[in-house]
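So you can see what is in the structure, the chains are spelled out below.
4 protein chains.
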Amino acid sequence: MYSFKNDYSEGAHPKVLAHLLDTNLVQQAGYGEDAYCAEATALIQQKIGNTDSEIHYVSGGTQANLLVLSALMKPFEAVICAESGHIAVHETGAIEATGHKVLTVSAEDGKLTPALIKPVIAYHSDEHMVLPRVVYISNTTEIGTIYSKKELQELYAYCQAQGLILYLDGARLGSALTAASNELTLADLSAFTDIFYIGGTKNGALLGEAIVINNKMLITHFRFSIKQRGALLAKGRLLGTQFSALFTNDLFFEIAQHANQQAMVLARGFQEKGFKFLTEPVSNQIFPIVPNTLLSRLQEDFDFHCWQKIDQEHTCIRLVTSWATTDQAVADFLQVVADHKG
Amino acid sequence: MYSFKNDYSEGAHPKVLAHLLDTNLVQQAGYGEDAYCAEATALIQQKIGNTDSEIHYVSGGTQANLLVLSALMKPFEAVICAESGHIAVHETGAIEATGHKVLTVSAEDGKLTPALIKPVIAYHSDEHMVLPRVVYISNTTEIGTIYSKKELQELYAYCQAQGLILYLDGARLGSALTAASNELTLADLSAFTDIFYIGGTKNGALLGEAIVINNKMLITHFRFSIKQRGALLAKGRLLGTQFSALFTNDLFFEIAQHANQQAMVLARGFQEKGFKFLTEPVSNQIFPIVPNTLLSRLQEDFDFHCWQKIDQEHTCIRLVTSWATTDQAVADFLQVVADHKG
Amino acid sequence: MYSFKNDYSEGAHPKVLAHLLDTNLVQQAGYGEDAYCAEATALIQQKIGNTDSEIHYVSGGTQANLLVLSALMKPFEAVICAESGHIAVHETGAIEATGHKVLTVSAEDGKLTPALIKPVIAYHSDEHMVLPRVVYISNTTEIGTIYSKKELQELYAYCQAQGLILYLDGARLGSALTAASNELTLADLSAFTDIFYIGGTKNGALLGEAIVINNKMLITHFRFSIKQRGALLAKGRLLGTQFSALFTNDLFFEIAQHANQQAMVLARGFQEKGFKFLTEPVSNQIFPIVPNTLLSRLQEDFDFHCWQKIDQEHTCIRLVTSWATTDQAVADFLQVVADHKG
Amino acid sequence: MYSFKNDYSEGAHPKVLAHLLDTNLVQQAGYGEDAYCAEATALIQQKIGNTDSEIHYVSGGTQANLLVLSALMKPFEAVICAESGHIAVHETGAIEATGHKVLTVSAEDGKLTPALIKPVIAYHSDEHMVLPRVVYISNTTEIGTIYSKKELQELYAYCQAQGLILYLDGARLGSALTAASNELTLADLSAFTDIFYIGGTKNGALLGEAIVINNKMLITHFRFSIKQRGALLAKGRLLGTQFSALFTNDLFFEIAQHANQQAMVLARGFQEKGFKFLTEPVSNQIFPIVPNTLLSRLQEDFDFHCWQKIDQEHTCIRLVTSWATTDQAVADFLQVVADHKG
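Protein chains in written order, with my numbering: chain P, 56 to 397; chain L, 56 to 397; chain Z, 56 to 397; chain W, 56 to 397.
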């Protein structure tokens, strides 16, 4: 049974594995002080256009989020995010476990705006409440949408004016930056956020996220934090070789584009049948709303998430594509959709 | 310059990599619910002789330690370890960061005994002090020594009588279990500890430690803890395939034995020159005490840790071997030792 | 300017002070092991009808809440409360600072019901989300309402069936238990909650809350927690003498009744003018909705909270009475209301 | 049986109670924003000679310590103290519970010096270990000794040169500042520490410690921390009135001097019999070493701590005096000592 359940069902992209294998026997320093981490950092800094940024490699998204957020905040400070934000729901209270409250605001498309944040700031007026300090956004969002350049610029300008730190979770940043409607570059992220991370796990790596600290005033001694939270790999080369491969010849973008294209082919199949979507399909996660009769038929041959019940007869499903999604699997899936008599 | 600095200078053992590569394109469930983790667990449970034990795979030793210890203790409870214990010194306060005090006792050979623990228990008599709850030991210890079967049995009997939990850090468990003087088996560890972990990172894997919970009453919902601390890998298969390879045809033990043998060859070289050791060389870490003149000569061609100054003219150095330590490197090193005129 | 802003504007009730003074020179053991704490505990246990309950005295409500909740939960567990719950908003993230997520549900009257909790339990289905463990309620609620006996019984039955712990914040429990419509006794609270606290600070004491642990299986070694969080007073007699005084000859209830009666007199003044309330006035906090013209006039002579804007011309205000609220102050306030031409 | 067990066996000094009673019915703002806290702050600032210092009132010493230390440090930072330091042993891991390691050094007289701290700083050299950030001292120390002006000056100069924060626990600061051999003033503490607290609980108050922040760059938003840790009293006046009384007409010093004088009378009684002390008696805690035969006789009529066994026939005891220690009790005690035939 073919799975469209997520973008981490398979291992790593062959070119990522190749670099890992090629260097396997070379002796290197431990804990991320190896030549490959340095190599990857140079490649990413060049892409960002900021050789002064600080880059750290960690294993996964929840780890990146809890490391960054706990390093940014004093005990009584809090982070603001959308209700759909990964840190708010799907990280088992990882941020609270570091002692910080997560303040949520309802955001239909999963994106934060100054208008949504303002009432939170206004409400938290004294020492009987937490002090909002960081704004957490994700791109793509948890429901597949992306930020426009204007949206990100305005959000960052607002944050700077308010003394708020803007942090962007880039678990699926590859997909965001290669979406057809995308206007942002890695250099823009460096300019319009304080800190962000570039997701490897969901874009062709075995594991790994690259945390990019643009505003180095905000975090010092980050390697102490990484070690303390159990996130400093002895064989840091495992992360370095992969990110080095991903940022050689733009493999990172090529992989993400493949995933997006497969998602767009899937989306068109639904559109041709007149099906609607929960959010406009633009990235490697799409959310078509299908009749339950079709849902049952698809479940016979494919694995995917039922996202939410829409009404008695319709369900929103989530399909996710990746570097490994084959044309055949997409074609097989669409055949079932096309054959549906609704 | 060849390095004897640690056992994580190279990548993974070829057979470990092979299993990773062979399975790379097979779709699998995420978060450790893949077929390879299940495969590895079955193999380890068989080796332990306890199909009822619970096994979880995480990235590294500090992560394993903080996950286990924070899951075992209530906020006011504390863990006892040797002053040389890894959690006491070299984990950047990871245990304290989860809210718990680490109580240390001086132990010359790095090993805990009931006699060493008793005064700590006696001293902590009321609610103005923390409540000792867990005893942390490591095998091999941080200074290369190993526990005899009798020592472990007596320690566990004491812990059980006192209501203390015994947890064993097995970052270098492979080396311990294949030392010439070793009397313990994995099955013994299952019988004489409550929880232990089997180290992969320092024994042929790219990363990974297998936490074995023998006494399941002590920890529930451990996957919640793993997720919350950012330790649940989306592509958990990365850990499963490696441990599956390590426990197929006893590769884990074969690798460790190789490392030990290379260490013993090195040790003999020093013994033949009449040099002493900080602790008796039995595992893949040896601590010869060398004249500073030899030290300087060795540093020209080799990389290793200077462990501690012994006197004005002598230094204790640490040499570590691994699956990847070559005969040539050992021979070259010993040649320098043999050539030394002291 | 007379203040109806809260129930802690004055010091302590004269009888509470008297017991403190009378015993001032008697030598006593420290840390709550004095004769007065024992005296208070015996009096409270008798009132509860449970000599087996465990009682601890601490300084304030936020302290009581964070002590109890952090003692009840494992790191990945969470507490459910109403959106208006004190722990959710007005404790500066005290619960999150102990590592736990606070899950909120919208509850118009500030009270939780099984129907409101069920969806939260259903939603939190796996280890990617926190595990709900405690239900937090307050009586009176933060908006002055009280639980009926049936409501509390049903809620507790639901919690027990679901393996949830029920904890009641009784910062204003005196007011709740002496409200005209109240059906609950302290003995009922012992029967229908697992843990609750009896508020002294807002009912005639200088400071102090008595935490009552009915279900002793749920918390052990609580004095360790109290000491660790900085809540164990050296001169614990300060809390003991006050609670002893409060539970001698039912002073606790007498004080609360006085506060309620003054509040009801105030409420009638608004009702006579046809003004509405945010919630039905039953306890020592009332929330009349007044025209802004009257609001301005009242602010000239009295201090109180503006709770929320209702519309362009009306505001909900909060008035709080206490053991110290004088007839004269009430009469003066009502005169201004009566004189208002609306 | 008269107790010399501690300095918190009785309630408050009559003048402290008087101010509490006199103001009991005056309406005041809550949470430390009352007129009496302001009054106390003005008096203390004047005494310190620094009207720019920030002063906060909290309930007890452990609370003060955990509040200050957790506010001063980032998660990976640690505090250095003497092995006898209160935070190291007798606060149930309160500092670790806020996530920070306590690094201890052996100090025979309970006092830290640059020479004792230097090796700790040197040892903690990289991100695998915690980063020392704060130096914690107490005056008087836990074993009754006091810092000379030169000692404190040199320690502070060292801390400043090293980027370390110096924090002084003044639970028994009154006794220190009124010892016969004392050279320090409150103004000196303001000049030679970054933060310190003035202990009220052990010097005539019912409860309360005044935290003095000299270096305001180091802590911001401290009221948020106080609230979050459950330490912000609703009736903050309880702390304000007491400190106002203590710093009116130097009552604070007068009380402490009385305690010291009683202790010196006791000390002379032992000296006259030729008994030795664990540490030189200078403050309100003295540590005579007595024959076990005398110990048994004293225990018949008096309560006090047995501090430590010295040899088979001698024990060190701790005697503590306070504002309330009577001449009669001292005379009675000394009579037993004088009568001893050793």
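There could be a bad hint or two in this list.
Unchecked claim - With a straight-line cut-off of 20 Å between C-alpha atoms, the simulated EDC-like cross-links for lysine to aspartate or glutamate are:
1. W:Lys102 x W:Glu238
2. Z:Lys271 x L:Glu132
3. L:Lys70 x P:Asp77
4. Z:Lys271 x L:Glu182
5. Z:Lys129 x Z:Asp164
6. Z:Lys60 x W:Glu88
7. W:Lys129 x W:Asp181
8. Z:Lys102 x Z:Glu309
9. L:Lys129 x L:Asp164
10. P:Lys60 x Z:Glu182
11. Z:Lys60 x P:Asp77
12. L:Lys204 x L:Glu335
It is worth saying that the hints were derived from the structure and are not from the lab.
**Item:** Straight-line alpha-carbon gap Lys271 (chain Z) to Glu132 (chain L), limit 20 Å
**Value:** Since the Cα atoms of Lys271 (chain Z) and Glu132 (chain L) sit roughly 19 Å apart, the hinted pair holds (cutoff 20 Å).
**Prompt:** Is the hinted pair Lys60 (chain Z) and Asp77 (chain P) satisfied, with a Cα-Cα distance of at most 20 Å?
**Reply:** violated (72 Å)
**Message:** So if I understand the rule, the pair passes when the alpha-carbon distance is 20 Å or less; does Lys70 (chain L) with Asp77 (chain P) pass?
**Reply:** Holds - the C-alpha atoms of Asp77 (chain P) and Lys70 (chain L) are around 15 Å apart, at most 20 Å.
**Message:** What's the verdict on Lys102 (chain W) and Glu238 (chain W), does the C-alpha distance respect the 20 Å limit or exceed it?
**Reply:** Holds: Lys102 (chain W) and Glu238 (chain W) sit about 16 Å apart, inside 20 Å.
**Asked** For the pair supplied as a hint, Lys60 (chain P) and Glu182 (chain Z), is the alpha-carbon distance within the 20 Å limit?
**Response** holds (18 Å)
**Prompt:** Is Lys102 (chain Z) within 20 Å of Glu309 (chain Z), Cα to Cα?
**Reply:** holds (14 Å)
**Asked** Are the Cα positions of Lys129 (chain W) and Asp181 (chain W) separated by 20 Å at most?
**Response** holds (16 Å)
**Asked** Is the hinted pair Lys271 (chain Z) and Glu182 (chain L) satisfied, with a Cα-Cα distance of at most 20 Å?
**Response** holds (18 Å)
**Request:** Would you mind confirming whether the straight-line C-alpha gap from Lys129 (chain L) to Asp164 (chain L) stays at or under 20 Å?
**Result:** With Cα atoms ~30 Å apart, Lys129 (chain L) and Asp164 (chain L) exceed 20 Å; violated.
**Prompt:** Are Lys60 (chain Z) and Glu88 (chain W) close enough, with their CA atoms no more than 20 Å apart?
**Reply:** Roughly 14 Å separates the two Cα atoms, so the pair holds.
**Prompt:** Within a Cα-Cα threshold of 20 Å, do Lys204 (chain L) and Glu335 (chain L) meet the stated pairing?
**Reply:** holds (18 Å)
**Message:** Next pair to validate is Lys129 (chain Z) with Asp164 (chain Z); report whether the Cα-Cα distance is within 20 Å.
**Reply:** With a Cα-Cα distance of about 30 Å, the restraint between Lys129 (chain Z) and Asp164 (chain Z) is violated, given a limit of 20 Å.
Comparing the model with each numbered hint stated earlier shows that hints 5, 9, 11 do not hold.
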